[in-house]
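Colleague: Chains as they are written, first to last, in UniProt numbering: chain A, 1 to 308; chain B, 1 to 322; chain C, 1 to 336.
Treat each hint with caution, since some may be false.
Unchecked claim - Reference excerpt, derived from the structure (chain C facing chain A, CB under 7 angstroms, subset only):
#1 18
#2 20
#3 50
What the hints assert, rightly or not - To give a feel for the contact side, a few chain B residues facing chain C, derived at Cβ under 8 angstroms:
#4 83
#5 113
#6 287
#7 290
#8 314
Think of the hints as simulated: they come from the structure by calculation, not from any bench.
Here a beta-carbon is modelled for each residue, glycine too, at the ideal position from N, C-alpha and C.
Read off the chains here:
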Amino acid sequence: MTSPIPKSVTPPSVVDQSLLYPSPYKEFWQAFSRNKGAVAGLAFMCLVVFCALFAPWVAPHNPSEQYRDFLLTPPVWLEGGTWQFILGTDELGRDLLSRLIQGARLSLLIGLSSVVMSLIPGILLGLFAGFFPQILGPSIMRLMDVMLALPSLLLAVAIVAILGPGLINTVIAIAIVSLPSYVRLTRAAVMGELNRDYVTAARLAGAGLPRLMFVTVLPNCMAPLIVQATLSFSSAILDAAALGFLGLGVQPPTPEWGTMLASARDYIERAWWVVSLPGLTILLSVLAINLMGDGLRDALDPKLKNAA
Amino acid sequence: MSLLQINNLNVRFGDANAVPVVDGLDLSVDAGEILAIVGESGSGKSVTMMALMGLIEAPGRITADVLDFAGTNMLKLSGRQRRKVVGKDIAMVFQDPMTALNPSYTVGYQIEEVLRQHLGLKGKAARQRALELLKKVEIPAAESRLDAYPHQLSGGMSQRVAIAMAIAGEPKLLIADEPTTALDVTIQAQIMELLVNLQKERNMALILITHDLAVVAETAKRVCVMYAGQAVEVGQVPELFDVPAHPYSEALLAAIPEHSIGAERLATLPGIVPGRYDRPQGCLLSPRCPYVQENCRRQRPPLDPQAHSLVRCFYPLNQEVA
Amino acid sequence: MLSFIARRLGLLIPTFFGITLLTFALIRLIPGDPVEVMMGERRVDPEMHAQAMERLGLNKPLPAQYLDYVGKLAQGDLGESLRTRESVWNEFLTLFPATLELAMAALLFAGVIGLLAGVIAALKRGSLFDHGVMGISLAGYSMPIFWWGLILIMFFSVSLGWTPVSGRIDLLYDIEPKTGFMLIDTLLSDEEGAFKDALMHLILPAIVLGTIPLAVIARMTRSSMLEVLREDYIRTARAKGLSPSRVVFIHGLRNALIPVLTVFGLQVGTLLAGAVLTETIFSWPGIGKWLIEAIGARDYPVVQNGILLIACLVILVNFVVDILYGLANPRIRHQR
């Protein structure tokens, strides 16, 4: 006797449930966009990036062109302002808006290059410190402790004092200063992952050290590193502006935000806009990035939610 | 007149339409009596006592027809007036002694705090009294423990400290919320014995919230069985154990492992306590009750006096036994 | 407790040597010929060059140079300023009280307001106040303080004329520096109105310097307080019939402070870095301004050992915070 073949109970329209999960990107975006501040920050940064990328076309004037007849012209909404210079001009008659847009270019460049310059060695050192906990690891960490003993801006000031002021040296100084936090974060993440079973499995499968480091472990440590990269991007902009303000960063007449503030100091009593606007731009950019960082942290790494 | 009288107590978390965690509870405790409240987790035992002590915070809402302690309506008291009663005349011992004591202060400080607050004792007098209290709860080397921090004590020792703290204000009513659940089995009996001795000696009322029916049988005079926020049976101790009238009481008793000796499997009541979304329209036990009838599913039974006890059931069991 | 302190002290020694190594390396990393750079001229006379190398000890092998350096440090010899010929240590000692006074005022401002705002925000979680505190503190955290200082000067000093623009005290007053702390010195002196003047000079710089620590402390206090308020011992405290303020401040805040204290310690570094900027804006005669001026004048002994001193200061403060942390948290203190 043959048992009757059971008729298919599943209607053909039913899809495998696992296929219904949103893609990782969509899931990330859902978590990120729940944080309204983060979305606002992202929108503002998109604007800044757009201005920076297309500065020559967006800016109404050449940032270094001096309009001798329009020294310290106030912004358009004040008495004496003109539509020719929407945000007014500085002490040499240069258009403030154009200089701010050009400055966005510089700030983003400094931020981006210093993050890349410290992220890569930071991750490498952190990986080595995590994978070799006997001698190499502790010595790397002691070195980082020493660097952390100095306040970051002070260390940057010291480095620039030695190397001399300038754009490149600013980037180098900021990159060195933000190195320790990447090393510590990577090491901590690596130490946590190394005890997991999937690492043991990869070892047993005969994975070599480079493969273990970069293919097996590193991708699982990325979440805190991405968050840290965002946060150090904002502090890079802040530190670069501080160095510029102290006269140790990018040198005038380059329109760097901090440098602009330094030269505007003398006009504090006569022309508030040359003082207020560059600083406001710094504040808003840094705030936008920090808001984004908060959103990223919530979306990528819920464990870190209560930290700081 | 009873020491504590509760009529139609409701506690909700959220707005007035939220499902009540405590649902129309009636309860009374006489001075010097031991009342046990039993029921599974989430049946509203602890919340009832928290409501009495004024420990329910927003969004929790308390309503009651009567919530009287020693003739005072607890709901009418201002915060300041309530705090004169709470911690003094009513005191509470909590479940997990390891987290119930503040890690930053010494044992002595935490006991003296009650003495200062409620009895006005200060300095040496307070310290002397705290020491006596520690001796009272049978803590060895009590002098040195006064300056110990909670993390230096074992669980049983911490619970003794918590008890000392609770009786420091000479309460008329002590509420012990599963005082032994978090402790080692060997310590549990000692702590229970201590509680019962203190109760006798001071003639205070004791409300014992517990899962442990064996403890109830040994210590309590009366017992209230709670299910899903309601009292389902309230009765005297030997009777309720011998002839349970409510199907849930019967099931609880059957679930004591000792009663299943020789049986292949432990007796259990299938299903779980109804949650916020699956609260039945009729008797709250109806989805799990082995004796369920048609009208149980439509109507909720009231808590009515039956042969031996107050029972919330249309078809109480064991009524023929005289 | 003593062994606890000794253990922490032991951890400091390697860090200290690391710092000396760093400052030692710093001066040798200057690109080009060190003597030429220091003298600020090219083609120094060879004989003078050799003398300078000899004087600076730069003609010996590196390990010997390092040993010389540490040896001198051990004797308390921090070299002398190229500009003033004054010993670096003395200059530091004269200027440090000004920075300390400013930093303490900033920390007081940040601590009091930050703790209060954080506690209230935690107690009124989700309220308008809570959102306000969180928003403002994020803005404070993102603040370029050198600009913030200029804005405050523009508003309070230039427009309203309430506070002086710069310095520690008006030149009218002749205050004898007994302690180095202007507030105390003015109180000790019999100059009328000097104390008020010193206070007015201090307010703006202290607010500017305290802004970032304030933001960090408020955020940290809030999150730590929220965590503590969920603890069982808070319920116990309330069941004892204690007043809400006693429950929150004695039982809650005491435990919530433990992580905040660590953050406090970490803020000291931020504070000293901020002092560089704040002192520059307000012409505050402290070590931050001293260091920046030394860098401008290529006064390398001051740069080198000034940085060393500041690093030691940070380490020391973190050490003290560690000890306080132990005092506040009995679980740490009794750890073996």
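Colleague: Would you mind marking each hint as holding or not holding in the structure?
Modeller: We went through each hint and held it up to the structure:
no., hint, in the structure
1, 18, "holds, 3 angstroms"
2, 20, "violated, 10 angstroms"
3, 50, "violated, 24 angstroms"
4, 83, "holds, 4 angstroms"
5, 113, "holds, 7 angstroms"
6, 287, "violated, 33 angstroms"
7, 290, "violated, 38 angstroms"
8, 314, "violated, 39 angstroms"
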